[in-house]
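Chains as they are written, first to last, in our numbering: chain A, 1 to 281; chain B, 1 to 166.
Hints are not guaranteed to be accurate.
To be verified - Reference listing, derived: stretches of chain B covered by chain A, where coverage requires no fewer than 3 residues with Cβ under 8 Å from a Cβ of chain A:
1. 28–36
2. 72–84
3. 88–97
4. 122–128
Claimed, not checked - Covered stretches of chain A (chain B as the covering partner; in silico rule of three or more C-beta atoms under 8 Å from a C-beta of chain B):
5. 14–20
6. 23–30
7. 132–145
8. 229–243
None of these hints come from the bench; they were simulated from the model. Predicted, not measured: the structure shown is a model, and the values here were computed from it. Each residue gets a CB set at the ideal place from its N, CA and C atoms; glycine is no exception.
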Amino acid sequence: MAMPGQLMFARRLGPMARLLIWLLVGASCVAIDTRYHALDGLRSGFSLVLQPARAIMRTPFDIAAELGGFFVRHRLLQKERDALMTERARLLVDVNTAQELVRENAELRTLLQLQSRPGQRVVHAALLYRGHDWFAQRITLDQGGGAGLRRGLPVVDASGLVGQVSRVYPGSSEVMLVSSSGQLTPVLVERTGQRGLAAGNGRSQMDLRYMPAQTDIRPGDRLLTSGIDRLYPAGIPVARVSRVSRSQSSPYLRVECLPLAGLDRARAVLVLIADPQVTQP
Amino acid sequence: MNVATHTVGSWRRILGTLTLAVLLEQLPWSGLALALRPDFVLVGVLFWTLHQPARISFGAAFFLGLLADFQDGAVFGQHAIAYVVGVYLVLFLRLRLLQFDPLRQAAQLFPILLGVQLLVLLIGWLAVNPPTGLAMLLPVLSSAVLWYLIALFVRLWHGKGMQDRA
């Protein structure tokens, strides 16, 4: 193809040939990455280089947030303190009850000769960067393999399940959000105990799939993780049912849910680390 | 502008602007700002391809595309391929683009940027959710064969070519 702006008998390859070569390289990149997952080293390299840059670039925003927080009115702080004191008192009661339950549980377990569940460790992580992929909703956290994270660990915030660690780098990690399309979470309906699969739909919402038409489910029902996958601990709040509709063409209900965790807002999250549980039959 | 290209595009300036573009993408974008965020790196690459094609073209675009793939947690190659195609389109339209004023340049770049974005979408879809086999491409082949048969038939029927008789 003749190209204006270039010599007629240039010694370099023409743009068309160079385009084709690079397209070939790109296509093999895609194939290697999707089929053989052989480019994770490159990903780690990029993450090592970009991690400090990201940390530096977000510093001004962190400082601004700190300053903004510093000037919160005294009055507001006092009010918050009072509210927190009340809540603390209430929680202390809960803690006592929980301790009692733990003790009782341990006794029962020893009675039943069961192995107790291995202790869970919690890693605090902060949101570093929000991904901009059209096919999956991801966030990047500032903790990685160094803090003991690995693929598949659940990530929660104060109000519910955020997602699952999907890639781990030395100093950071990527989390696939529960609302990401195709991300499945085994749940149960808190009110009825009905089990189901919640799937993200990629638009910050989730659908509860395969609910037969006569299922007892209403808007407002909470969905908790059911724990049958041995990946998520049981009982983490996941979503609240927002709309239930019947469709003519499908034998299943269409159940829309809103995730409870602040997927778009959360800055600080927790990663739950539990050793893989092996149960003997 | 053509005269000034040698002084405008020093290596230092090129690398500086591209680094700045990469750094801008590291800002903690969120919400509407994230949705509206221009692709700084792509704009930088295409700009330097337009003004300094001997220095910044396919290789740089491919590397920065890989960086963009990492950035979005996408499949490696997704943005790289799209950026390379964008560079090709800019090289193809280069002399035309250089004669336009900024507004017309932007208007000409719009379809290029749109094409790049659609290509990212297409490759991502193919990589994440590949259709079963490449059988969907068979109609392309059969259509080409059909074209050959029709053209052959028309030529045999009318003699040399239809356009002569119109």
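### Message
Taking 8 Å as the Cβ threshold, is the statement that the region 132–145 of chain A is covered by chain B upheld or broken by the three-residue rule?
### Response
holds (count 7)
### Within 8 Å of chain A (C-beta), three or more residues of the region 88–97 of chain B
holds (count 5)
#### Entry: Outcome, coverage hint (the region 122–128 of chain B, chain A; C-beta under 8 Å; three residues)
holds (count 6)
### Task
Verify the coverage statement for the region 23–30 of chain A against chain B, using a C-beta to C-beta distance below 8 Å and requiring 3 or more qualifying residues.
That given contact holds, which follows from 7 residues of the region 23–30 of chain A lying within Cβ reach (below 8 Å) of chain B.
### Message
Using a Cβ cutoff of 8 Å, are there at least 3 residues of the region 28–36 of chain B near chain A, or does the coverage claim fail?
### Response
holds (count 5)
### Query
Counting residues of the region 14–20 of chain A that have a beta-carbon nearer than 8 Å to any beta-carbon of chain B, does the count reach 3?
The restraint on the region 14–20 of chain A holds, since 4 of its residues have a Cβ under 8 Å from chain B and three suffice.
#### Entry: Assertion that chain A covers the region 72–84 of chain B - criterion: three or more residues, beta-carbon distance below 8 Å
holds (count 10)
### Message
Just to make sure I understand the rule, a stretch counts as covered if three or more of its residues have a C-beta closer than 8 Å to a C-beta of the chain. Does the region 229–243 of chain A meet that for chain B?
### Response
With 0 residues close enough to chain B, the hint is violated.
Of the hints listed earlier, the one the structure fails to meet is number 8.
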